[in-house]
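*Asks:* Listed below, chain by chain, are the residues.
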Amino acid sequence: MNEGKKDLSDWITTINREIIYTIIGLAVIIPILLGIKEKVQISPAVKSAYESIESLNSTDVILISIDYDPASMPELQPMLKAILRHAFGKEIKVIMMVFWPLGLPIGTEGLEEVAGEFGKVYGEDYINLGYRPGDRAVMIDMGREIRNFFRTDVNDVLLDTYPMMRDIHNYNDIALIVGLEAGRWGEYWIQYVGSRYKQRIILGVTGVMAAETYPYLHSGQIEGLIGGLKGAAEYETLIGRPGFGLTGMAAQSWAHIAIIVFIIIGNIGYFMTRRKERRFRIEGRKE
Amino acid sequence: MSISTSIWVWIAALLTLMIYSFLYKENPFYRLAEHIFMGLSIGYSVVILWYNYILPRIYEPLFFPPHQWSLIFPILIGMMTFGIFSEKYNWLIKYPLAVYVAGYAGVQIPLQLQTMILRQAEASFLTPDKFTSLFSSFNALLIFAGLVTTLIYFYFSAKREHGLGGASQVGIIFIMIAFGAAFGYTVMARISLLIGRMQFLLQDWLGIM
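Residue numbers (our numbering), protein chains in the order written: chain A, 1 to 287; chain B, 1 to 209.
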């Protein structure tokens with residue numbers, strides 16, 4: 001046995017984590033710097049989310065729920081902007097509400113940015129209800145009257161002051177709910193609003209949650225599902241407005257390739273080490 | 001290349017770098033950034049809760065006409081939760097917990113049963129409308145097989161013999177594929193966060209792009 005001599009398996013299984021971080025970092029930075037664009041395939045889940053909004057007309061109102069905070073912003077903010085661009089492009093009115101306190105500033109920023117692009121007027125074309133705690137209680141009570149929890153908007157102005165809100169009282173007046181989710185609130189929307197009030201729902205979720213949300217799509221409890229940054233990129237492709245989602249996809253692919261290579265290298269190292277240990281055991285028995 | 005002149009962008013960029021310095025090793029810059037983040041987010045949440053919950057839902061209805069005196073009962077029950085901080089009165093927490101568990105179970109169980117079990121089981125039934133094309137037929141059979149074999153894997157009341165053993169082995173394969181899909185999505189989510197920060201540093205801060 002050559003105890004002091006390092007072979008390939010030792011080298012593979014002791015790669016410094018700093019090297020791995022650096023390679024992953026470069027895999028992300030280089031495509032961004034080079035501005036590499038990548039086409040994405042449209043999945044049926046995102047296509048049906050797109051078609052749900054596409055089926056609406058200018059008299060319809062959608063409710064967008066911001067159920068995320070800055071930690072999930074890179075995945076969900078591009079979805080918010082893409083959906084808003086789609087909705088405002090079709091003259092659909094938008095109500096935004098927030099269940100995560102730290103989601104309020106980022107949701108407001110996204111709404112105001114896209115509304116500005118389309119020249120939309122606050123109170124006539126869109127409204128920001130702001131944050132309310134109480135998630136499930138709020139969801140249930142909004143089925144009776146939105147004003148039970150949202151007497152005023154984010155600016156503390158009475159809802160009835162705004163022309164857009166005069167005829168909107170509960171889910172009967174809302175064509176579609178769009179939940180942008182980084183937690184369990186998507187399930188709450190399905191359980192407390194979809195199931196109880198038969199409300200149409202589409203969800204945009206973080207990548208972590210996407211796999212577990214698919215059964216709700218398959219069972220028809222939601223009409224569409226946008227999963228992670230790739231979902232956002234698909235939606236941007238569908239509306240023909242490239243944004244952060246699409247520009248990030250090349251970096252995403254490069255980083256995935258790097259991770260796949262590391263997984264393969266790690267497995268090779270694991271099997272080499274196992275074979276080496278077995279050989280040592282056999283040699284030990286012979287001695 | 002035009003580096004940002006906004007002080008806020010600089011603060012955000014430096015805090016990002018301080019957090020990423022943890023990748024090398026734990027250091028005082030990382031800890032400072034972490035504490036700033038914790039303090040800010042808790043402080044922000046407290047203020048938001050105060051103005052959106054305590055004031056409009058508790059203080060104003062109680063102390064301004066028309067007084068909603070009925071609110072006193074849930075408030076008292078809720079305040080019993082603070083009994084946990086006292087050795088003498090920590091038994092008080094049983095009451096709010098009892099109310100919460102009973103209420104939550106009453107509301108949640110039928111809804112979960114409906115949305116997570118009945119509707120999803122219904123969606124896996126092999127009804128004629130699932131067999132409209134070759135692809136949809138294959139999907140329907142795959143989902144049905146996945147559901148049945150996975151359930152068999154979690155059926156522990158009989159020996160894994162004959163067909164049951166084989167079916168549970170197939171169930172493991174479906175479970176592993178589900179774990180793999182979830183892990184793949186998780187990797188994508190984490191890389192997305194890194195991409196978001198890198199775009200901020202390169203575009204908003206350094207103005208390279």
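Hints listed in this document are in silico derivations from the structure and should not be mistaken for laboratory results.
For clarity, every value in this text was computed on a predicted model and none was experimentally measured.
Heads up, some of the hints might be wrong.
With a straight-line cut-off of 27 angstroms between C-alpha atoms, the simulated DSS-like cross-links for lysine-lysine are [as the list claims (entries may be wrong)]:
| hint | chain 1 | residue 1 | chain 2 | residue 2 |
| --- | --- | --- | --- | --- |
| 1 | A | Lys6 | A | Lys90 |
| 2 | A | Lys6 | A | Lys39 |
| 3 | A | Lys286 | A | Lys276 |
| 4 | A | Lys47 | A | Lys6 |
| 5 | A | Lys6 | B | Lys159 |
| 6 | B | Lys25 | A | Lys198 |
| 7 | A | Lys6 | A | Lys286 |
| 8 | A | Lys47 | B | Lys25 |
| 9 | A | Lys120 | A | Lys47 |
*Asks:* Hints the structure violates: just list their numbers, smallest first.
*Replies:* Hints 1, 2, 4, 5, 6, 8 are the ones this structure does not satisfy, whereas the remaining hints hold.
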